[in-house]
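These are the residues of each chain, in order.
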Amino acid sequence: MTVHVLGVRHHGPGSARSVVLALEEVRPATLVVEGPPELDAVVPLLADAATVPPVAGLVYDVAAPRRSLFYPLADFSPEWVAIRWALSRGVPVRFADLAGRHLLAPEPATGDTDDEAAGRLPFGEAEEPGTTAPDQSADGPEAPGSEESPDGSGAPEVADADVRQDVVAVLARTAGYADPERWWEDAVEQRHADVLARFAHLRDAIAAVRAADPALSDAHNDRREASMRTVLRDVLDAGDVAVVCGAFHAPALDPRGFPSAAADARLLRGLPRTKVAATWVPWTSARLAASSGYGAGVEAPGWYRHLFETWSTGDALPDPRARDHDVASSWLVRVARALREEGLPAPPASVVDAVRLAESLAAVRGRPAVGLDELTDATRGVLTEGADLPLAVVHRRLVVGEEIGEVPAATPMVPLAADLAARQRSLRLKPTATSSTTTLDLRTDNGRARSVLLHRLRALGVPWGTPADDTRTLGTFKEVWELEWQPELAVAVVDASRYGATVLDATEARVAERAREAEGLAELGRLVETCLVADLPVALGAVVDTLAEATAHQHDLRVLLETVEPLARTVRYGDVRRTDSGRVGALLTTVLARARVGLRAGCQALDDDLATRTRIALESAHRGVALLADPQRSEPWFRALAGLVADGSVHGTVDGRAVRLLHDAGRVDTGDVAARMSRRLSLAGDPADGAAWLESFLGGEAVLLHDHALLEVVDGWVSGIGDDVFADLLPVLRRTFSGFGVAERRRIGAQLAGASRTGETVREVDDDRALPAVLAVARMLGLEVAS
Amino acid sequence: MTDTAGPTDTPTDPGAGTDAAGVLRPPAEQAFADELAALERLDDRPRPPKWRLSPWAVTTYLLGGTLSDGTVVTPKYVGARRLVEVAVASLATDRALLLLGVPGTAKTWVGEHLAAAVSGSSRLVVQGTAGTAEESIRYGWNYARLLADGPSRDALVPSPVMRAMQAGRLVRVEELTRIPADVQDALITILSEKTLPVPELDTEVQAVQGFNVIATANNRDKGVNDLSSALKRRFTTVVLPLPATLSEEADIVRRRVASLGAALRLPADLEHLAEVERVVTVFRELRSGVTADQRTSLKSPSATLSTAEAISVMTNGLALAAHFGDGRVGADDVAAGLVSAVVKDPVQDRIVWQEYLETVVKDRREWSDLYRACRDLDPA
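Those protein sequence lines, which keep their order, are chains Z and E.
Sequential numbering from 1 applies to the first sequence in this note's numbering.
Sequential numbering from 788 applies to the second sequence in this note's numbering.
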C-alpha cells in the first residue's frame, strides 16, 4: 500500500527514462497520472497501435467548445511513457487533477483574467474562450501562459507560475545549467543508481523549495493537489500506487503528509461546474515547442526526442561517455542528411570533424557532455561554413521537428470530425503539420471534390487550406491551395459541430447563418460566391433570398454597384462548377436595372470621399458587366453611362472615370473626349475639380501615349494654369502621373518636349551632315554624283 | 565576460619589451607577455600537446578576466564568447581555423593572439597576396647550394608553414582568398595528411603535434579566389561580425586608439575621446543605411566603413590634435579623416556624404561643430 511519487519534468526525456526504470522496479497495482479525470474514459485508446504521438488530451466545454484544455503528450513525455507501460501490462491508469468540469466552468467571480487561468493550468494549454465573432479565423490559440521570463537570467525573479510549471528547470538554473535535461542527468541520474532514490531526493529538494516560500502555492494549487489526493485515497486500497506528476506537486502527494480527507473535501466543495467532454486529438511537434506560445512547452522537442531515442537504445552502453558520444554523432548525422537534402555537401568526413569539434567545445566550455548549443556551433562552423541560413532548416526540421500525431479511428469524435476524417480519407487529403501546396484541377471529379471540401471548411471557420492565389477564385479550372493542419483546428471542428453533423450540413447552416447576419449586399455577394465554390445548394437559396430581399430595400447606389461584380462572376463562371446559376442571373438583372436607374441621381452632390467610393464601385460594376459579355445587359449599361456623362454636374472623379470607360469601349471618340476634357479643364472651371477629373480619367493604362490630341489638351491646360493654382494642383497632378510606369512617364515627357510630337517626321534636316549618306546611297543606286 | 579593464589600463608601453625598444608595434606575445606568463603559471587544466596554455586559458586570454591571483587579463576581443570558444575548440581538434569577416572585424588581431597564446609565437605568417607563390607555403631552394651540392636537405629553404609543421606551432595565413587558387591548393595535403612531401628528395616533412593553421579571409572579397570546396571543408569557419552595439564598437575604438596613441607617443587624451562616439555613430549609420533612431533611411557609401577605419580616423585625429592643436581631439581634428574614410569614390560617395551631412548631421544641434568642420573642408 505504498505510494511512489515520481515527480517529473513535463516533456523531459530524462524524467521519462527514470520513470520507466522506476515503474519496472515498483510494479504498481495502479498508475496515477497528473491530468483531468475526464480523460480516464478515453485512456485505453492510447494503447491502440494506431495512436502515434504527439497527441493531446482535449477536454472541452460541450456548450462552448472554444473553452478547452489540451494535455499534449509526446513520445518522450514521462506521462506518455508511463501510460503506455501501464496499458501494456493491464495496470489501471487514473488521471488525477482538478477536473476539467471545474476548470472550464465560467468563473462566477470577476477579476480572474484569462492570463491567470493559463497560469494555473497543470501542463495543459488553455484555449481562449471564443469571442462571438462568427467568422473569426481560428489562427491559433495563443496560450496566454507566455509570462515565462525571456532569458531566465534572474533566477530569483521567476514567477511563481513558472516554478509550479517547471520546478526542475528552476533548480537546474540555480545550479548553473542552461539545459534542465542536462541537470537532470548529472544531478539526478548519475548520482543515484537506485532509481527510486532519485525521485525521493528530488522530492525532498522540492519540499525544501516549497517550505522556503509557502507563497509558491496558491488557493488554486491547493485545490488541484486536493483533487490529486482524493484520487490517491481512492486507489490506495488496491495495492501499490505510482504517481507521475509534475515535480512541484511531488511533496504534496506523499501519504505521510496527507491532510484529512475532510479538509480536502472542504477545499473542493462548491466549485462551479459545467458539462465537458474529453477526447484525444493529433498534436504536432511545432506546437510542443515553447516558441509557439505553449506555456509548458520545451525549447527543442526534436532534440528531446532524439535524446530519448538514443538513450533508450543506448542504455546497453555501460559507459556514459560512449552514450554521450552516440548522442552527438547520431544527431550530427541527421543534421548532415537534412542539409544534404537541401543541397549542401555536408560530407561524412565533415560530420566526423563536427563531432570532434562539438566534443572539444564542450570541454572548452567546461560542460560535462555535449549539448545542443555545442552541436549547433559545430554545425555552423563545420557543416554550413559559417552560414546561419541553413541552420534555420536544421532548426525547423530537427530541433523542433515536423511530426504530426495520429489518433485511432475509434477515438470519440464529434460527428462532424468523424465525417471530416472520412472525407479526408476518401479524397486522399491527409493532414500534414508542414505547409504544403496543392494544385487542384477542377475538371476532374476528385479535384472538384477536394476543392469543394476545402472551400466548405473555410466557410465553416476551419482554415485548413488557404487559397494561394486569391485573385482568380472562379475563372479558372486550376486552384492552388496552401494546406497546413494546425492542432487547434481540431477545436475549430468541435466548435463548428454545433452547426451540423456532416461537413455539408454544417457548412450549409453556417453560411445560411452568416447570410442572416450579413451587413450589406457586398458581403452577401461574396457569400453567393462561397456557396458556388463550396457547392452549397441549400445555402445558396437562403443567400439569394436574403440578397433579393436586401436588394429591394437597398437604395444606396454604391452598394448596388458593388454587388454587381460578384454576382456577374457567379453567373459567368457558375458553369465551370456545374452549379445552377439561374436565380442568380435573374437577381443580377434586377440589381443592374436598379443600379442603372439610380446612377445619375446617385452621383449628384458628392463630396470627394464619396466620389472616390463611387468611382471604385463604378469600375467594379463595369468589370462585372464586361465579364458577362452579354449585349442585352451591356447596352443599357453603356446608355446609362452615357447619360451620366451628359450631365455636366457630376463630380469630376466619377465623370472622368465614366468618360474613360466609354472611351475604352469605343463609345465616344477621341474628338468628343478631347472636347469634354477641355471643357472640364477650362480655366473658368474649378481647377480642383479639373484635376480630380484628370486623375480619374488618366488612371490605369497610359492613354496619353497613344492619343496626341488628348495629350495636347492636357498640355495646354497645364501650361495655362496660373502659378498659384498650379502650386495647389501639383500634388494631384503628381499623384496622377506617378501612377504610370517610369518608361511611360519618360515617353510622355519626351513627346511633350517636342521630340516626336508630330509623329516620325523630321522637320529640320542638317544638309551638311546628311550629305555623305545621301551621296553613298546615290552611288549605290548607280546615280551620277557631282562632286 | 568579466570585463574589468578600462581603457586606461591597456598595457602597452612598447618600451617594456626587452628587445622591442623602438619597435612600432611589438608582437602580441611580447606586448602581453605578463598576462601570458600569469596565465601559464596559474593554468592547471589539461593542455593539448605542445600548447602553452589550456583551451580555457586561451579563451580567457582573448576575452579577458581576472585570474585567481588578481592578475587582470585585458580583453583582446570584444564580442560573442561563443565565437572564441568555437575557434579555440577547433584548434584543439587539430582542425584548421578560417576567420571570415569584412575588413576591420579583428580577424588578424584574433588570429595573432590565438597564435601567441597557443604557441607562444605569432610570427609564423604567410601574407597572402595575388603574387604569393607556392614557395611561401611549401619550400624554396637555396640555389647556390643547390648548384654546388645538388638537392639536399640543406639546400631547402623552409616556408613558415614548413617551419610550423616541424616545430608543432600555429602558422597564420593572412588573406587566404587573395592567394591564387593553385597555390591555395598546396594547403590541402598539409591540412588533411599533415605532411608536406618533398618529391625532389624523396622525403616528406611530417607535422608535429601542435601544428595548425589559422587563415583569415575577407568575405567582401568573395570570388577574388574563392576557396575550393575541398579546401573549405578542411577549415572550421568562424564568421566575425561587426560589433553589435554602438557602445561595444565605441569601446573597441577607444581601447585601440589609446593603445596606438601610446605606441606613437601621442599624449593620450582619454577623457576627450568623446569624439569616438560620434565617429562610430557616423560609421554605423552610413553602414546600416539608417539613422540610429531608425527614423531616416540613408544611402550607404561604397566604402566598407569598418571599425578599423574608425580607429584610424580617431588615431589620425589624435595626432592632429597633439601636434597642431591643443591636445584635445575636437571636431576639426576628426573631420578630415572622417571625410576621407567615407568618400572613397569621388562622385558617388560624395553625394552620399553630402546628403548625410545636410539631412542628419545638420539637424543634430549638438553636432553643429562637426557639421561646420566638415563643411569647411568641402564647401561645395
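Any given hint might turn out to be false.
Said to hold, decoys possible - Distance windows between CB atoms, simulated: (1) Z/E342 to E/P967: 27 to 33 Å; (2) Z/E342 to E/T976: 53 to 59 Å; (3) Z/G176 to E/R1052: 45 to 51 Å; (4) Z/R769 to E/P967: 34 to 40 Å; (5) E/T858 to Z/P368: 51 to 57 Å; (6) E/G955 to Z/T437: 44 to 50 Å.
None of these hints come from the bench; they were simulated from the model.
Glycine included, every Cβ here is placed at the ideal spot set by N, Cα and C.
Now for the hints, and whether the structure bears them out:
no.	hint	verdict
1	Z/E342 to E/P967: 27 to 33 Å	31 Å, holds
2	Z/E342 to E/T976: 53 to 59 Å	30 Å, violated
3	Z/G176 to E/R1052: 45 to 51 Å	46 Å, holds
4	Z/R769 to E/P967: 34 to 40 Å	52 Å, violated
5	E/T858 to Z/P368: 51 to 57 Å	28 Å, violated
6	E/G955 to Z/T437: 44 to 50 Å	57 Å, violated
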